[in-house]
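In case you want the letters, here they are:
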Amino acid sequence: MSLVSLIALLDYASVLVFALTGALVASRAQLDIVGFIFFAALTGIGGGTLRDLLLGQGPVFWVGRPELLLLIAAAAVLVFFTAHLFESRYNLLLWLDALALGVAVPAGVGVAIEAGAGPVVTVAMGVITGTFGGMARDTVANELPLVLKQGELYVTAAFGGALVGAALIGMGSSQGWALVACGLTVFALRAGSMAFGWNLPTYRPRPPRNKG
Amino acid sequence: MSLVSLIALLDYASVLVFALTGALVASRAQLDIVGFIFFAALTGIGGGTLRDLLLGQGPVFWVGRPELLLLIAAAAVLVFFTAHLFESRYNLLLWLDALALGVAVPAGVGVAIEAGAGPVVTVAMGVITGTFGGMARDTVANELPLVLKQGELYVTAAFGGALVGAALIGMGSSQGWALVACGLTVFALRAGSMAFGWNLPTYRPRPPRNKG
Amino acid sequence: MSLVSLIALLDYASVLVFALTGALVASRAQLDIVGFIFFAALTGIGGGTLRDLLLGQGPVFWVGRPELLLLIAAAAVLVFFTAHLFESRYNLLLWLDALALGVAVPAGVGVAIEAGAGPVVTVAMGVITGTFGGMARDTVANELPLVLKQGELYVTAAFGGALVGAALIGMGSSQGWALVACGLTVFALRAGSMAFGWNLPTYRPRPPRNKG
Chain A
1 MSLVSLIALL
11 DYASVLVFAL
21 TGALVASRAQ
31 LDIVGFIFFA
41 ALTGIGGGTL
51 RDLLLGQGPV
61 FWVGRPELLL
71 LIAAAAVLVF
81 FTAHLFESRY
91 NLLLWLDALA
101 LGVAVPAGVG
111 VAIEAGAGPV
121 VTVAMGVITG
131 TFGGMARDTV
141 ANELPLVLKQ
151 GELYVTAAFG
161 GALVGAALIG
171 MGSSQGWALV
181 ACGLTVFALR
191 AGSMAFGWNL
201 PTYRPRPPRN
211 KG
Chain B
1 MSLVSLIALL
11 DYASVLVFAL
21 TGALVASRAQ
31 LDIVGFIFFA
41 ALTGIGGGTL
51 RDLLLGQGPV
61 FWVGRPELLL
71 LIAAAAVLVF
81 FTAHLFESRY
91 NLLLWLDALA
101 LGVAVPAGVG
111 VAIEAGAGPV
121 VTVAMGVITG
131 TFGGMARDTV
141 ANELPLVLKQ
151 GELYVTAAFG
161 GALVGAALIG
171 MGSSQGWALV
181 ACGLTVFALR
191 AGSMAFGWNL
201 PTYRPRPPRN
211 KG
Chain C
1 MSLVSLIALL
11 DYASVLVFAL
21 TGALVASRAQ
31 LDIVGFIFFA
41 ALTGIGGGTL
51 RDLLLGQGPV
61 FWVGRPELLL
71 LIAAAAVLVF
81 FTAHLFESRY
91 NLLLWLDALA
101 LGVAVPAGVG
111 VAIEAGAGPV
121 VTVAMGVITG
131 TFGGMARDTV
141 ANELPLVLKQ
151 GELYVTAAFG
161 GALVGAALIG
171 MGSSQGWALV
181 ACGLTVFALR
191 AGSMAFGWNL
201 PTYRPRPPRN
211 KG
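Those protein sequences? They're chains A, B and C, same order as listed.
Residue numbers for the first sequence follow our numbering, so the first one is 1 and each next one is one higher.
Residue numbers for the second sequence follow our numbering, so the first one is 1 and each next one is one higher.
Residue numbers for the third sequence follow our numbering, so the first one is 1 and each next one is one higher.
None of these hints come from the bench; they were simulated from the model.
Hints should not be assumed to be uniformly reliable.
Copies of one chain are not kept apart here, so a pair can be met inside one copy or by any two copies together.
Stated by the list, open to error - Only pairs whose alpha carbons sit at most 25 Å apart, straight line, appear in this in silico SDA-like list of lysine to any residue: (1) Lys149 with Ala73; (2) Lys149 with Arg65; (3) Lys149 with Glu67; (4) Lys149 with Phe132.
The task is simple: from the sequences and hints, build the whole structure.
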């Protein structure tokens, strides 16, 4: 598979899975079917859209690919009619979001490399592509953004995977393998955090030193 | 009237009316006159700005038309000095917002068609142009976004009207009439929802099937 | 110093100081080190990024200057390890934010003038560059946005300074001095508001006139 088709595949997969999470948030807000499509689209294309804008690549990726919007609408309809079958929609949401993060970050890394970005900007584009759609979803829906969850790896998982991808490419690895390793790292870190409580130490305010 | 001037007229009208709603939200937050201008601008130009960015049409529409920003400032000053005359500012806000939605959606549809977009992207641009300014207004002001109001047609009204517009153009109608029909559909759906309670069924969680 | 290097210096300074405020907000949310970097970046580059997008200048300013992202990361690490030394992190946040506003507004004014914008758009770009990063920071972190603080000059300080800058340039002043006067005006208005309670009258709803 060529690099360009791998990146396109990652883009499609991340749009689809993030769209499912957006529709699940719409179900928690008890919206109608168009509300489901709206949140599915905001979440599905938010990250990649911002990435394309920042890289100066307009029109953005989905303007020339209308089938992406139809895929999003299909995902929203599916969730509208089946979400009640799941015992814990929030748990489903969290795991789908982890999966989407694991494909969106390498998609962002790949697009940045194709655009000729250096390593630092490549890592930034991976993190932005991975996190922005979910952040828009949670902010508009008034849910606690996953990026703010204390003691969980989220941005950190995206950052770690993007770093692995950029480092492998810098060391001469093939871009395809670097993107796969990037995505697996993101998912492993996020899943390990959810399942086993992996985390980094968080900031804890200590009382100022005694001056007496 | 040529299509280009019809689109420009719709753009002006939607900027003006959305600006009035932004200033009304500023009055609810009891800001000073510059705060009024700020929210009027965020709401008035938010949707069209995002549309232009997504279509890769930078600089955005108001950069070459400074009179739009002066119009917004005038709207903000007007509301600052007269809002107290209205018995229910929230009701006024809702109806102005419906009117703004009814002109912004066809403006978005028209710009997308002029830019050569296909039907799916055209519908998406109509919805984005119509809803994004109000969404930014409500999110920044910490009000419940109108897109989240249960059991009311809001995104759905924008979507229905954009669909009518794109369908008419696809069937060979003149673009001018298609935009007029688009705007009337949006306003009728939104107004009918506010006045008569029109809505679509919303998602309601059902208990999972009994497994016993 | 040439105008271009003055603008670059203002851009660097505003990125650095806004990044410090973003990291302070991350400390209030008790995030991990990557969460600190994330909020530092969102706040540090948010305003200038939106400005570049609106002016149609993609890729945005930091894509070609990766050292800016490294500067942001360094600022985040510094705050992660030293924030507990300050008695009132919120007070420190407010004063750093005022300083950042005072350098970001003239940076926005300068870039707009370099891009050939007229006076109205120049003022708007100054206000947007100054306020958007902090607004994104507060909205994502679920803090009360500083733009909404009643009875304090915030957007008004940015607007006043941008107006002074654009007016001086319009009257034939050197651009360098105009930017310096712009920044000093912003900081003086914001600091005066915090220290001495300077403000503009805010909107206060009055009861509707008696009709009897």
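A quick look at each hint next to the structure:
1. Taking the shortest Cα distances, Lys149 and Ala73 sit within 25 Å of each other only across copies (20 Å), while inside one copy they are farther apart (29 Å).
2. Taking the closest pair of Cα atoms, Lys149 and Arg65 never come within 25 Å of each other, the shortest separation being 34 Å inside a single copy and 31 Å across copies.
3. Proximity of Lys149 and Glu67 under a CA criterion of 25 Å is satisfied in neither setting, with 34 Å inside one chain copy and 29 Å between copies.
4. Taking the shortest Cα distances, Lys149 and Phe132 sit within 25 Å of each other both inside one copy (15 Å) and across copies (24 Å).
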